[in-house]
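*Asks:* Residues per chain are reported as follows:
Number of protein chains: 2
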Amino acid sequence: MLDIRVEETAKLKEKPDQSALGFGKYYTDYMFEIDWDKDQGGWHDARIIPYAPLQIDPATMVLHYAQETFEGLKAYRNPEGKVQLFRPEMNAKRMQNSNKRLCMPYLEVEDFVQAVSALVEHEKDWIPTAPETSLYIRPFMFASEPGVGVHPAVSYKFLIILTPVGNYYPEGVAPVKIWIEDEYVRAVKGGTGFTKCGGNYAGSLKAQEKAEAHGYTQVLWLDGNEKKYVEEVGSMNIMFLIDDTVVTAPTEGTVLPGVTRDSMLTILRDWGYKVEERKLPVEELMAAGREGRLKEAWGTGTAAVISPVGELYFKGEEVVLNDFKTGPLTQKLYDTLTGIQWGKLPDPHNWVKVID
Amino acid sequence: MLDIRVEETAKLKEKPDQSALGFGKYYTDYMFEIDWDKDQGGWHDARIIPYAPLQIDPATMVLHYAQETFEGLKAYRNPEGKVQLFRPEMNAKRMQNSNKRLCMPYLEVEDFVQAVSALVEHEKDWIPTAPETSLYIRPFMFASEPGVGVHPAVSYKFLIILTPVGNYYPEGVAPVKIWIEDEYVRAVKGGTGFTKCGGNYAGSLKAQEKAEAHGYTQVLWLDGNEKKYVEEVGSMNIMFLIDDTVVTAPTEGTVLPGVTRDSMLTILRDWGYKVEERKLPVEELMAAGREGRLKEAWGTGTAAVISPVGELYFKGEEVVLNDFKTGPLTQKLYDTLTGIQWGKLPDPHNWVKVID
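If you read the sequences in order, they're chains P and C.
If you're matching positions, the first sequence starts at 106 in our numbering and goes up one per residue.
If you're matching positions, the second sequence starts at 106 in our numbering and goes up one per residue.
Excised from the complex, chain P in its bound form (with noise of 0.2 Å):
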C-alpha cells in the first residue's frame, strides 16, 4: 500500500472538445511520480503532482541506453457515470514481467493498480462521456541514474500520464492493408519481444516506414529465427479466423501478451470457437487466403481495441479478405469488448473494477 501524497495546483486546463480528441494530443493536469532508489532501500516519495516537464541531467542513462518500459491501459465512463479500469492488474504483472527482462525493480500489483486508480480518480473530471471516448493511462518507468557505464541503474522513475483520447485511427474502425515483413525483424527467442520496453518500438518504426512507401498501413511481423511463422501486426496481437477456427500465436518470449488477446481470446471460447495458440507459417496463412479458407483476421491492442485486416500481402501476392470489409466476427468482438469496458455489458469473467 503506497502512501501517495498529493500536491494541488489552482491552475487548471482547459478540456478539450470531445469530438476531436484524437490519440495523445492532450494531458491532464496531474500526473504520479514515485522514484526508486537503490541507496534509499527501493520505493520512496509516492505523490500526485502538476503535470510538468522533468528535469533530466543530460548523461541520464534512459537517453543513452534506453532501460525503459511502459504500460497503456484505459478508464472509461459506465453508463452510470462511474469510473471504471479494465483488467489493470494484468497491466500490472505485464509490467513486472518487463522491469525483470530489463533488470529494472517493480512495484507490487496493489501498489501499481493502486497508483492508476489514484490518479484516475484524482483526474475523473477528465474522462471524456462522448462515445468511443476514454481516458487513456500510460504508466512507464525508466533509469534515472546519470552515467556513461553500461549497467543496470541504481535509480529509476515511475510515472503514469493520463490522455483523453478518441478512436487510435482517425477513420475509426476500418479495414487496413497489411504488408508481410521478411526483411526486418521485430523480435527473436531470447530477446525482448514480449516485453513493452521501448527498444522493440523504436527497432520496429523502419519496417513500417517501409510498408507505408509501399501503400500499406501496418506491418505484420515474422518470428526472427526463420521468418517463417507470423507473430503481430504494427504493435498489437493479431487472429485469424480460418475455417471455424480462429488462429493466433502463442507467446512463448517473442509476442506481447496482449490484454485484449487475452480477452478476446476468453470471449472466443466463450462461444465456443475453436482457438489456437500455435505457430502459423506465412505459407499456410497465405494459402488458406488463396482457398477462401482465410474468413477474417483482426489486430487487437489496447489503445485501438480492433483492428479488422482487409488485405495482406507477402511476396508479390495480395489475398483480400471478406471483400475487404470488417467481418461479423470481428465486429461482434469489437461490439462485445467494448460493450464490457464501457460497462454496457454484462462482465461474467469479472475483468471490470469500478474505482469510484
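In case anyone wonders, no lab produced these hints; they're calculated from the structure.
Fair warning: there could be bad hints in the mix.
No copy labels: a pair is met if it fits in one copy or bridges any two.
Here are the simulated SDA-like pairs of lysine to any residue, each with C-alpha atoms no more than 20 Å apart in a straight line [stated by the list, open to error]:
hint : residue 1 : residue 2
1    : Lys130    : Val255
2    : Lys143    : Val259
3    : Lys205    : Lys315
4    : Lys379    : Gly147
5    : Lys315    : Phe299
6    : Lys229    : Arg199
7    : Lys229    : Trp148
8    : Lys311    : Val259
9    : Lys282    : Glu388
10   : Lys311    : Gln201
11   : Lys311    : Asn202
12   : Lys315    : Thr234
Small disclaimer: the values here were computed from a predicted structure and weren't measured.
Go by the hints and put chain C onto chain P.
*Replies:* Chain C only, in chain P's frame:
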C-alpha cells in the same frame, strides 16, 4: 558547416583529481546542443551552452519508445600538449547508419566532426594529462516530440557531453572470464545489432547479470538465429588468435562495426597477420581452445580499448587462454593503438586529427 553560438557561464566546476577519474563520474562545464524540427526545416540553433539538466515533457517519445542513438569517442593530449581526436568521421558515419535504421535524421559527417571539435576545443582544459587518461566524448540524439502514438518523431535533440576518464575497468587491462551465452540474444539479422541504439544495451543487461551471477565478468554473444556463431563480447567486438590467424565476426547486420575493431584489423594486416572476418562456430572456438590452438582472445572498444580474455565458459566446459595472462599480441595491439591515439607513435593511416 554549422553556425555554433556559445553561451558562456562564469561559474566553472573544480577539475577532478586525475588519479581517480573513473569512467563517467565527472562532466565538464559545457555541452553541445542542436535541435531538429520537421516544421522548422530540420537542424537549427547549434550552441555550446553550460552543462545543465534538460526540461523533458513526461510524454516525450524517447522515454516511451526509445528512439535514441549514441556514439562514443575520445580526445587525447599528445606529447606536444596538442589535443587530438581518433577517426571521428567513422563515428559520424556510424551514427548516420544508426539513425537511418531508427528512422531518425542525422548530421552531415563534417557537421558532426565540427561540433565534436568545437566542444572539445572549448573544454580543452578538461582533457586530463595523466597516463592512460582521456576525455570521453558522448554524442547522442533522441526523439523530443511529446506523444503516445508510435511513429518516427517530428522533433529531436542532438547533444554532446564530455567526461574526463581513466581506465574503463578500475583494475586496468587485465584478463577476464567470459560466459558464452546460449539463452539470451543480443541481436538478430533484420534487427538493430549494427547500430548504437539504446534498445540494444537495455536488452543486454539481463545476460550480463546472469554471467556475473555465475562468477564471470562479461558475456560472449552468439548469433540470434542459430545460437551457433560467436558475435560480440559485452558491448565490444571480439577477436581470436587461432594458430596464426586472427578471426573475428563479420559486420553483416548483427555486429557493431567498431572503430577500434577496424583499426586493429588494419594494424594486424599491416603486420602481416592473416585476418579472417567470418562466422566462427562456437564449437570450433571451443575445440581450438581444447587443443591449445586458441592462443589469445580480446575484446575491442573505444571505452576500454582492449579487454584480454583469460577464460571461456560454454555449456559446462572451461577453456583457459595463455595461462590467464594478457597475451603478447593483445599487449602489442594495445600498446600500438594507444600509442597512436595518444600521439606517441607514428600514424601511418592518418587516423589522428589534431584540433587545436
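*Asks:* Take the hints in turn and mark each one as holding or not.
*Replies:* Here is how each hint holds up against the structure:
1. Lys130 x Val255: between (34 Å within a copy, 13 Å between copies)
2. Lys143 x Val259: Result: close within a single copy only, 5 Å intra versus 36 Å inter.
3. Lys205 x Lys315: between (32 Å within a copy, 12 Å between copies)
4. Lys379 x Gly147: neither (46 Å within a copy, 53 Å between copies)
5. Lys315 x Phe299: Between copies, since 19 Å is at most 20 Å while 23 Å is not.
6. Lys229 x Arg199: This pair counts as neither: shortest intra-copy Cα distance 25 Å, inter-copy 48 Å.
7. Lys229 x Trp148: neither (26 Å within a copy, 40 Å between copies)
8. Lys311 x Val259: between (32 Å within a copy, 15 Å between copies)
9. Lys282 x Glu388: within (18 Å within a copy, 45 Å between copies)
10. Lys311 x Gln201: Only across copies: Lys311 and Gln201 sit 14 Å apart there, 28 Å inside one copy, limit 20 Å.
11. Lys311 x Asn202: Between copies only: 12 Å across chains, 26 Å inside a chain, cut-off 20 Å.
12. Lys315 x Thr234: neither (37 Å within a copy, 49 Å between copies)
In terms of the numbered hints stated before, the structure departs from hints 4, 6, 7 and 12, listed from lowest to highest.
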